[in-house]
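Listed below, chain by chain, are the residues.
Number of protein chains: 2
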Amino acid sequence: MAYQAPVEQIAFILNRIVSFPQLAETELFAEATPETLNAILTEAGKLATEIIAPVNRAGDLTPARLENGRLRSSPGYAEAFRALAEGGWIGIAADPEHGGMGLPQALNMAMNEMIASGCLALQLNPLLTQGQIEALEHHGSDALKALYLPKLISGEWSGTMNLTEPQAGSDVGALTTRAERAGDGTYRITGQKIFITWGDSDVTENVCHLVLARLPDGAPGTRGISLFMVPKLIPDADGNPGVANDLRVVSLEHKLGIHGSPTCVMSFEGAQGWLVGEEHKGMAAMFTMMNCARLGVGVQGVAQAEAALQQAVAYAAERVQMGPIIRHPDVRRMLAESRAEVFAARAICMACAVALDMAKATGSDEWAARAAFLTPIAKAHGTDVGIRVSDTAVQVHGGMGYIEETGAAQYLRDVRITAIYEGTNGIQAMDLVGRKLMDGGAAAMALLDEILDGAKAAQAEEPELANQVWQAAETLREATQDLLDRDLDARFAGAAPYLAGFARVLGAHFHLRAATGGGSKPLARVHIARILPHYAADLAAARAGLDDLLAVDDRLLAGQMPG
Amino acid sequence: MAYQAPVEQIAFILNRIVSFPQLAETELFAEATPETLNAILTEAGKLATEIIAPVNRAGDLTPARLENGRLRSSPGYAEAFRALAEGGWIGIAADPEHGGMGLPQALNMAMNEMIASGCLALQLNPLLTQGQIEALEHHGSDALKALYLPKLISGEWSGTMNLTEPQAGSDVGALTTRAERAGDGTYRITGQKIFITWGDSDVTENVCHLVLARLPDGAPGTRGISLFMVPKLIPDADGNPGVANDLRVVSLEHKLGIHGSPTCVMSFEGAQGWLVGEEHKGMAAMFTMMNCARLGVGVQGVAQAEAALQQAVAYAAERVQMGPIIRHPDVRRMLAESRAEVFAARAICMACAVALDMAKATGSDEWAARAAFLTPIAKAHGTDVGIRVSDTAVQVHGGMGYIEETGAAQYLRDVRITAIYEGTNGIQAMDLVGRKLMDGGAAAMALLDEILDGAKAAQAEEPELANQVWQAAETLREATQDLLDRDLDARFAGAAPYLAGFARVLGAHFHLRAATGGGSKPLARVHIARILPHYAADLAAARAGLDDLLAVDDRLLAGQMPG
Chain A
1 MAYQAPVEQI AFILNRIVSF PQLAETELFA EATPETLNAI LTEAGKLATE IIAPVNRAGD
61 LTPARLENGR LRSSPGYAEA FRALAEGGWI GIAADPEHGG MGLPQALNMA MNEMIASGCL
121 ALQLNPLLTQ GQIEALEHHG SDALKALYLP KLISGEWSGT MNLTEPQAGS DVGALTTRAE
181 RAGDGTYRIT GQKIFITWGD SDVTENVCHL VLARLPDGAP GTRGISLFMV PKLIPDADGN
241 PGVANDLRVV SLEHKLGIHG SPTCVMSFEG AQGWLVGEEH KGMAAMFTMM NCARLGVGVQ
301 GVAQAEAALQ QAVAYAAERV QMGPIIRHPD VRRMLAESRA EVFAARAICM ACAVALDMAK
361 ATGSDEWAAR AAFLTPIAKA HGTDVGIRVS DTAVQVHGGM GYIEETGAAQ YLRDVRITAI
421 YEGTNGIQAM DLVGRKLMDG GAAAMALLDE ILDGAKAAQA EEPELANQVW QAAETLREAT
481 QDLLDRDLDA RFAGAAPYLA GFARVLGAHF HLRAATGGGS KPLARVHIAR ILPHYAADLA
541 AARAGLDDLL AVDDRLLAGQ MPG
Chain B
1 MAYQAPVEQI AFILNRIVSF PQLAETELFA EATPETLNAI LTEAGKLATE IIAPVNRAGD
61 LTPARLENGR LRSSPGYAEA FRALAEGGWI GIAADPEHGG MGLPQALNMA MNEMIASGCL
121 ALQLNPLLTQ GQIEALEHHG SDALKALYLP KLISGEWSGT MNLTEPQAGS DVGALTTRAE
181 RAGDGTYRIT GQKIFITWGD SDVTENVCHL VLARLPDGAP GTRGISLFMV PKLIPDADGN
241 PGVANDLRVV SLEHKLGIHG SPTCVMSFEG AQGWLVGEEH KGMAAMFTMM NCARLGVGVQ
301 GVAQAEAALQ QAVAYAAERV QMGPIIRHPD VRRMLAESRA EVFAARAICM ACAVALDMAK
361 ATGSDEWAAR AAFLTPIAKA HGTDVGIRVS DTAVQVHGGM GYIEETGAAQ YLRDVRITAI
421 YEGTNGIQAM DLVGRKLMDG GAAAMALLDE ILDGAKAAQA EEPELANQVW QAAETLREAT
481 QDLLDRDLDA RFAGAAPYLA GFARVLGAHF HLRAATGGGS KPLARVHIAR ILPHYAADLA
541 AARAGLDDLL AVDDRLLAGQ MPG
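Chains as they are written, first to last, in the UniProt record's numbering: chain A, 1 to 563; chain B, 1 to 563.
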């Protein structure tokens, strides 16, 4: 059975769980009416099901390749991408001044989810372009905006992010790519970048690279890095793609999954670039882009989980082994737990998107802090769920899950990257307990208050579920306070389980809201009885500190006896 | 860095954790002395590191293939297999009467682990041959034994198991392959089998298929199934491979991993077969073979976890991002938790092997019940750990983990099958709470008593760790009692979390034994602080029953709104 966009489930979460309707009460998003929401979800769902999903398998079987230095994308990708671009989907959250629709990120992320369910490898292209649009909107000069935004928003051109170098992965500050002032207001960029997603494209007529590089007078580390727009083809006087810039794709990586997405080694050889934002302030500009991109990647995890789960449910309904296996208790457990996890992860991502939108619409620092706090949770938890559910979906298929033709294994291979790129999930967890607790825990505690209020409100109708959520939130509050009292290394040692525990409690909170607000009570029970309870162990581990980890001998780790 | 066989860690577990030395006190295994143990581990470790591991990558890149209906195995496999066979390794646990060494399964499994760390796809071949040897030893006629066992033990011939058919996976009783009496004491076998591992081989001169089929007067279901030996080449009067039997490989599967292991669709077209055991009693004979094979698969999980973890540790020691990442708290957490899990899973598998050996050596029902109880835990938990640790090893590599050339992704792809074949992990869990609790919980409670005794003994030296293990074991006892009071469907709904919870407690028990017996206290602390505590949530889920799962609407599972 093919992927069916879960339009009603997404609409339910937006409308009933994460307060999407409040956006339409703001001036900025007055057009985000129920009618708009329905129209967007329905049309994007059709696109995902009918146009995007059908090319997913071909991209896996026929990866993007280089032919005499030129990229050849997978069969059907160009046509599918054109349908997406021509529908105006890339710019639905972009500034109307340059051709965007100015709709909320929440709708954009709902659209992104469905497209990413259809084909993750292809969806990466518009997702990165959206990140570039956002970076330019915030930091680009008027000239850059006027030149690039209309082309990016229309999908005629696509965008990339060039951060990583062989020696500079999570440690971006170690980069060595050089920028030199050309004397005419432009710059010359020289260096090599790796892991550049869609670093070349034959589905768009130009590729616009945002490149981090260091000027000769740039300080070492992250403080001396600048951001440049470096187009593959330099726009001519009319803004059309002109002469080729001095850059090239050296090679493509051979990857576990997302074969249809070309992952490029890029060489910049004195390429002409234009400054984005201020000199030496490139990291700030890049962070703007990364926050939304991180949420977008969390949404990719949800997307792949949804698609993989749908396939597993369809298989389980058809596969007979002493009755359809969907009725076997252990199979049903796998499916119901997976559905509960998808619901929770989607709600977390959508809550983050609404917070981003409210921050933008109201200028409220509280909403901005909420969005910033939720972003690493949405990214890491969304992608963890993506991997876990895709893995379970393989298991539900039994032996057939291990056969590539079934397609279940592709979801697992494809989604695996989402826990790594845009900052590994470990980096996300460190961001959560480091930077995102630098407010003394204000954002965390505000969220916890909301969870406790929710439990109180649900007490009358669902006392047992409400009590469990209440208890979990109280334990989470203690753990949060405990982490605030510790040094950064001890926090980092507990970062990943803290993030996992927070996500469990938050997910249970949204399930409780559903159980008392027209959603599925049984699904909430599955989450709160089977997924939530691990919070206690997560939060115990979050508080376990660094000492026991350091005390484990390196030789023992490596399989030898301690020295 | 290449795989280094963890000889000392395995020896420590055998000698200090799972009471291997008691085997040498039995008459049957009097030769299993410390000297034998050291010699076997050292030599098998060398073989694994120097001969087997070097062909692992080639098998992934150049899968086994069919050429005009004949199998061509991956480059280097034939030579590596010959070294294994000529070293006498296949038959180290086999009956000396037919050329085996008659050593304990515990040593055999230690050897199997190291070979499977080197190359899982290749190791499947001798593992299945060992299963066939065991089935023939128990159920074969003297003539069959005399003809086949020497050839299988020497590795001149290899063995397969033919259970699965398209409509009969976990439900073996649904099989339709027919057997007919030929009138000369032999049988004619007709039907199609799928997922036949190493269903053909060019690394051995003959392939011996054990095939489940139904005689015309066989009852429906599993009670009417018989087991047959169906050789690819029918032995001539001198016992050498003679004329080709009427069977063929129809095709090979294209799989997520273990590309070097040919997974065959087999067609038996009136092939000549010889009965193994009694007519209609094939399932019993097959179960003999499956129990040891299941432990062997659990060991494969441990093996892949070990190899993947070693690679991740080596990478983390070398990779510098503001210092070597092995010193980063979150990376260290991943590595230390993984090492703690590998220790626990290996100890569980080895405890199961020693129980099998003690049962064989003493004829004790208690040891047999212990082995039977531990088998599904060893299989499911060992392979779950294999997948979890291999997945973590990918994550430790960051972006490099997603690039196939790194090799980390291969471990994840390869090990993924181990949770599926030889009975899915769901089937294992159902076996545990169903068949393995049919003794009224006697085997479970005997094991729990031992865990509680261990905690008591460790109380003086490690009070905190001992108390946590004690508490966990008490909770596990309550959960076990609770499951015993429930009907089978309710048990099945909680089977997987029950198995996971039992494995956590058992793993902590072995860690505690290590902490107070010359092993690593810090590693025990990591397990007991970070991995054990999830037992509470596991056991709560184990007791949650079936009702909430059934109440989740099918349409909701599939991504639609409830009907």
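Hints were generated in silico from the structure; no laboratory data involved. C-beta atoms are modelled at their ideal positions from N, C-alpha and C, and glycine is treated no differently. It cannot be assumed that every hint is accurate.
[To be verified] What the simulated footprint calls covered on chain B by chain A, stretch by stretch (three residues with Cβ under 8 Å from a Cβ of chain A suffice, anywhere in the stretch; the number is not a length):
id	stretch
1	247-258
2	391-398
3	419-428
4	475-487
5	545-551
For each hint, the structure was consulted:
1. Counting residues of the stretch 247-258 of chain B whose CB falls under 8 Å from any CB of chain A gives 5; the rule of at least 3 is met.
2. Coverage of a stretch by a chain is defined here by at least three residues with a beta carbon nearer than 8 Å to that chain's beta carbons; for the stretch 391-398 of chain B and chain A the count is 4, and the condition holds.
3. Coverage of a stretch by a chain is defined here by at least three residues with a beta carbon nearer than 8 Å to that chain's beta carbons; for the stretch 419-428 of chain B and chain A the count is 6, and the condition holds.
4. Only residues whose beta carbon comes within less than 8 Å of a beta carbon in chain A count, and the stretch 475-487 of chain B has 0; fewer than three means the coverage is violated.
5. Figure legend: the stretch 545-551 of chain B, annotated as covered by chain A; annotation consistent (5 residues with Cβ-Cβ distances under 8 Å, at least 3 required).
In summary, the one numbered hint that this structure violates is 4.
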